[in-house]
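Chemist: Protein chains in written order, with numbering that gives the first Met the number 0: chain A, 0 to 231; chain B, 0 to 231; chain C, 0 to 231.
Hint data in this document are derived by calculation from the structure and do not stem from the laboratory.
Heads up, some of the hints might be wrong.
Identical chains blur together in the list; that is why a pair holds if it fits in one copy or across any two.
Claimed, not checked - Think about it this way: if two alpha-carbon atoms lie no more than 20 Å apart in a straight line, the pair counts; the simulated SDA-like pairs of lysine to any residue are: (1) LYS182 / PRO172; (2) LYS191 / LEU96; (3) LYS102 / ASP42; (4) LYS193 / GLY162; (5) LYS193 / ASP178; (6) LYS102 / PRO188; (7) LYS193 / PHE170; (8) LYS61 / SER100; (9) LYS102 / LYS182.
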Amino acid sequence: MYYKSNSRNHCPSKINTYNVNARFIAPNPPCSFNPNSVYPTIDSTAYIGTFSSIIGDVTIQKNVFIASNVSIRADEGSPFYIGSDTNIQDGVILHGLANRSVKNNNKEYSIYIGKHVSCAHGCIIHGPCKIGNNVFIGFNAIVFNAIIGDDCYISTNALVTDGVIIGPNRFIPYGAIIDTQEKADRLIPVPKEKSEFAQEVLHVNAEFPCAYSLMFGSLKCKCGLACNSRTI
Amino acid sequence: MYYKSNSRNHCPSKINTYNVNARFIAPNPPCSFNPNSVYPTIDSTAYIGTFSSIIGDVTIQKNVFIASNVSIRADEGSPFYIGSDTNIQDGVILHGLANRSVKNNNKEYSIYIGKHVSCAHGCIIHGPCKIGNNVFIGFNAIVFNAIIGDDCYISTNALVTDGVIIGPNRFIPYGAIIDTQEKADRLIPVPKEKSEFAQEVLHVNAEFPCAYSLMFGSLKCKCGLACNSRTI
Amino acid sequence: MYYKSNSRNHCPSKINTYNVNARFIAPNPPCSFNPNSVYPTIDSTAYIGTFSSIIGDVTIQKNVFIASNVSIRADEGSPFYIGSDTNIQDGVILHGLANRSVKNNNKEYSIYIGKHVSCAHGCIIHGPCKIGNNVFIGFNAIVFNAIIGDDCYISTNALVTDGVIIGPNRFIPYGAIIDTQEKADRLIPVPKEKSEFAQEVLHVNAEFPCAYSLMFGSLKCKCGLACNSRTI
Chain A
0 MYYKSNSRNH CPSKINTYNV NARFIAPNPP CSFNPNSVYP TIDSTAYIGT
50 FSSIIGDVTI QKNVFIASNV SIRADEGSPF YIGSDTNIQD GVILHGLANR
100 SVKNNNKEYS IYIGKHVSCA HGCIIHGPCK IGNNVFIGFN AIVFNAIIGD
150 DCYISTNALV TDGVIIGPNR FIPYGAIIDT QEKADRLIPV PKEKSEFAQE
200 VLHVNAEFPC AYSLMFGSLK CKCGLACNSR TI
Chain B
0 MYYKSNSRNH CPSKINTYNV NARFIAPNPP CSFNPNSVYP TIDSTAYIGT
50 FSSIIGDVTI QKNVFIASNV SIRADEGSPF YIGSDTNIQD GVILHGLANR
100 SVKNNNKEYS IYIGKHVSCA HGCIIHGPCK IGNNVFIGFN AIVFNAIIGD
150 DCYISTNALV TDGVIIGPNR FIPYGAIIDT QEKADRLIPV PKEKSEFAQE
200 VLHVNAEFPC AYSLMFGSLK CKCGLACNSR TI
Chain C
0 MYYKSNSRNH CPSKINTYNV NARFIAPNPP CSFNPNSVYP TIDSTAYIGT
50 FSSIIGDVTI QKNVFIASNV SIRADEGSPF YIGSDTNIQD GVILHGLANR
100 SVKNNNKEYS IYIGKHVSCA HGCIIHGPCK IGNNVFIGFN AIVFNAIIGD
150 DCYISTNALV TDGVIIGPNR FIPYGAIIDT QEKADRLIPV PKEKSEFAQE
200 VLHVNAEFPC AYSLMFGSLK CKCGLACNSR TI
């Protein structure tokens, strides 16, 4: 056994305390519903933050930023795809149901996330689901069993679920529960100030993958500053 | 001091980056309201996921699956009990108030969770509370100071609190706030499709403890595949 | 590259499993919007819990308790200040927008949190924001772009945002969305039982920093028990 479990009132001789930039990138364990063990495919320009884990058949494209305490776990629904220049903020969870999928270009995914997407702190993206390009997903929002069109803005605490399809450029207000297609069809276009906010978030996060890799990874830029176009 | 704290603009000589399957299983520190330091009791068939911590008098029964970034912290309210074949998904938090308890078979607990329970991603279970058998607790749902009967289904974002007692087989809709007994008493039975969904979740999670232990733990099955009945 | 990323179906020879009290305390990486890399300033009586990270210009005062899986990330908005005797529970996230600030005593902050504040499990505090003294912030509550007066009580799942200013001693109910000043101005005073609950939470958390440091840190009290006034 890898930990002591049978003795009560057992005080371990010494538990060491470390200051460490740890993450866990590993293949999924084989299961009856997902028998192939696949190691994640992570572009070398992406950054994986501290205490985050990436498990299984997950493709992470160029310049993706993944913050701290993120769990991306393709052990049940699989594969996952995360497009370039997308950011996944602290505490975000990606997981998917077995045997359920969405399509992108005739390939099946448990979770497909386009490029230039912001998944803000604490949101849950649960497959089957597809998120288009340039989508903003707010704090603690939940997307599960849904298709989200390009340029949508999902506000804080919203829930989008039960098979709804959200057209492009739709705005989902704070805490809204979009669980029928009728509700989905009545959503208004994204207000201009929300689009601008989403663009600012992307702009800021574009610098992070390189800046963090420079600081904590073993990859080094020659420029000595954060940049988006590394040549190494 | 175990970290440098007084110098600003201090760049540590080198912070190492590791790919590591780390978890923290430890006794609670003695406090005036909880003076006994107790090491968790974890069945050898349970799996504790990456970057999760289990602190204090926590009993974890057979084939429990605990995913990533989970905090189970029996340092204030104590003890906690987690029944067999229960799953605790990513980002879930278990904690309890001091000096408040629930009873199960005449024994007092801060948190008692039965068997075959699913605690979905991001939910918070805060003692005092008791969760019966076969309960499903949805994404980001919160149960605090409540008793949940067997076979209940608590949907995404629901809040159950303020001392309510939920009878068996009750269904709590998305985002519902059940904070009076009057509201609790008006809940409808669990719809058939929700019961079936909860069963599927249990079915899938039954394979994970062994599959993950095989892949990342030091316990090995002889079968070479995930199984629920290990003989080691 | 610091991890293998190009081979699919690659099974790493061995990923080690550790029982470890890890946290990550580090300077922010320099970026165009936040070019100075600053190491956190953490009082030696504070405790930083397992799998939590503190990045950048963050000042943490005396006897602050930070639980597990917390992310305090001053890489964009900066600096952050956390007053003495404040507790930050499991899964809490602190982050701030670039180029937006609040003032305290004529100094600008991305996030300013006073003393004797409780940030309960799963809440998100996003700058620009200022939290007064003796504030209680409930489970999964969100404060973003807001000023919260002293002695306020923000209940579970509430959202306070869009530039509102909450006067002192205001009570925000479960799940309330306070996104206009008009709503903010209609809030009632904090009920007595809620104030008392907030005081109990502070009382309990006052023991944790020392108790945890004794158990897991390298600092040792001479008294051998948890105490708030260490002389080392």
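Chemist: So, for every hint listed, does it hold in this structure?
Modeler: Cross-check of the supplied hints:
1. LYS182 / PRO172: Both, since 12 Å and 17 Å are each at most 20 Å.
2. LYS191 / LEU96: between (35 Å within a copy, 19 Å between copies)
3. LYS102 / ASP42: Neither way: LYS102 and ASP42 sit 22 Å apart in one copy and 41 Å across, limit 20 Å.
4. LYS193 / GLY162: Result: close only across copies, 15 Å inter versus 25 Å intra.
5. LYS193 / ASP178: between (23 Å within a copy, 15 Å between copies)
6. LYS102 / PRO188: neither (25 Å within a copy, 35 Å between copies)
7. LYS193 / PHE170: Classified as within; 9 Å inside a copy, 29 Å across copies.
8. LYS61 / SER100: neither (24 Å within a copy, 31 Å between copies)
9. LYS102 / LYS182: For LYS102 and LYS182, the Cα distance exceeds 20 Å both inside one copy (23 Å) and across copies (41 Å).
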